[in-house]
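Trainee: With the hints as extra help, turn the sequences into a complete structure.
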Amino acid sequence: GIFQPDMWEVTPSNRWDWPALREMVANNGLRNSLLVAPMPTASTSQILGNNECFEPYTSNIYSRRVLRY
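Just so we're aligned: 30 in full-length UniProt numbering is position 30 of the sequence shown, and the numbers increase by one with no gaps anywhere.
Please note that a few of the clues may not be correct.
What the hints assert, rightly or not - Simulated restraints on C-beta separations:
(1) Arg64 to Asn14: 46 to 54 Å
(2) Ser13 to Leu35: 26 to 34 Å
(3) Glu9 to Cys53: 23 to 31 Å
(4) Trp18 to Ser63: 24 to 32 Å
(5) Gly29 to Pro5: 29 to 37 Å
(6) Ile2 to Ser63: 41 to 49 Å
(7) Leu30 to Glu9: 17 to 25 Å
(8) Arg65 to Asn27: 27 to 35 Å
(9) Asn28 to Leu67: 32 to 40 Å
(10) Asp6 to Ala37: 35 to 43 Å
(11) Gly29 to Arg65: 28 to 36 Å
(12) Pro56 to Asn27: 34 to 42 Å
(13) Val66 to Trp8: 35 to 43 Å
(14) Asn60 to Gly29: 34 to 42 Å
The set of hints was computed from the structure by calculation and includes no laboratory data. Values in this document were obtained by computation on a predicted structure and should not be read as measured data. The beta carbon of each residue, even a glycine, is placed where N, CA and C say it ideally should be.
Mentor: Written out as structure tokens, the structure is:
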């Protein structure tokens with residue numbers, strides 16, 4: 001596979017053991033590698049189907065008016 005530093009056209013430092021990491025990923029895979037955490041706004045919460053804040057849902061039905069120019 002390709003890691004992010006492979007796409008940067010730089011030589012990675014020897015600080016980490018990249019070959020060992022590649023082997024571990026090849027053998028075990030990655031967990032939670034595709035999770036996203038967008039900022040909870042009204043628009044993204046409607047698109048993704050979640051709540052727009054950290055508080056519990058107050059209603060099952062939301063209505064929202066958008067101003068058009």
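Trainee: So, for every hint listed, does it hold in this structure?
Mentor: These are the hints, each one checked on the structure:
no.	hint	verdict
1	Arg64 to Asn14: 46 to 54 Å	holds (53 Å)
2	Ser13 to Leu35: 26 to 34 Å	holds (27 Å)
3	Glu9 to Cys53: 23 to 31 Å	violated (41 Å)
4	Trp18 to Ser63: 24 to 32 Å	violated (52 Å)
5	Gly29 to Pro5: 29 to 37 Å	violated (19 Å)
6	Ile2 to Ser63: 41 to 49 Å	holds (45 Å)
7	Leu30 to Glu9: 17 to 25 Å	holds (23 Å)
8	Arg65 to Asn27: 27 to 35 Å	violated (53 Å)
9	Asn28 to Leu67: 32 to 40 Å	violated (50 Å)
10	Asp6 to Ala37: 35 to 43 Å	violated (24 Å)
11	Gly29 to Arg65: 28 to 36 Å	violated (45 Å)
12	Pro56 to Asn27: 34 to 42 Å	holds (41 Å)
13	Val66 to Trp8: 35 to 43 Å	holds (40 Å)
14	Asn60 to Gly29: 34 to 42 Å	holds (37 Å)
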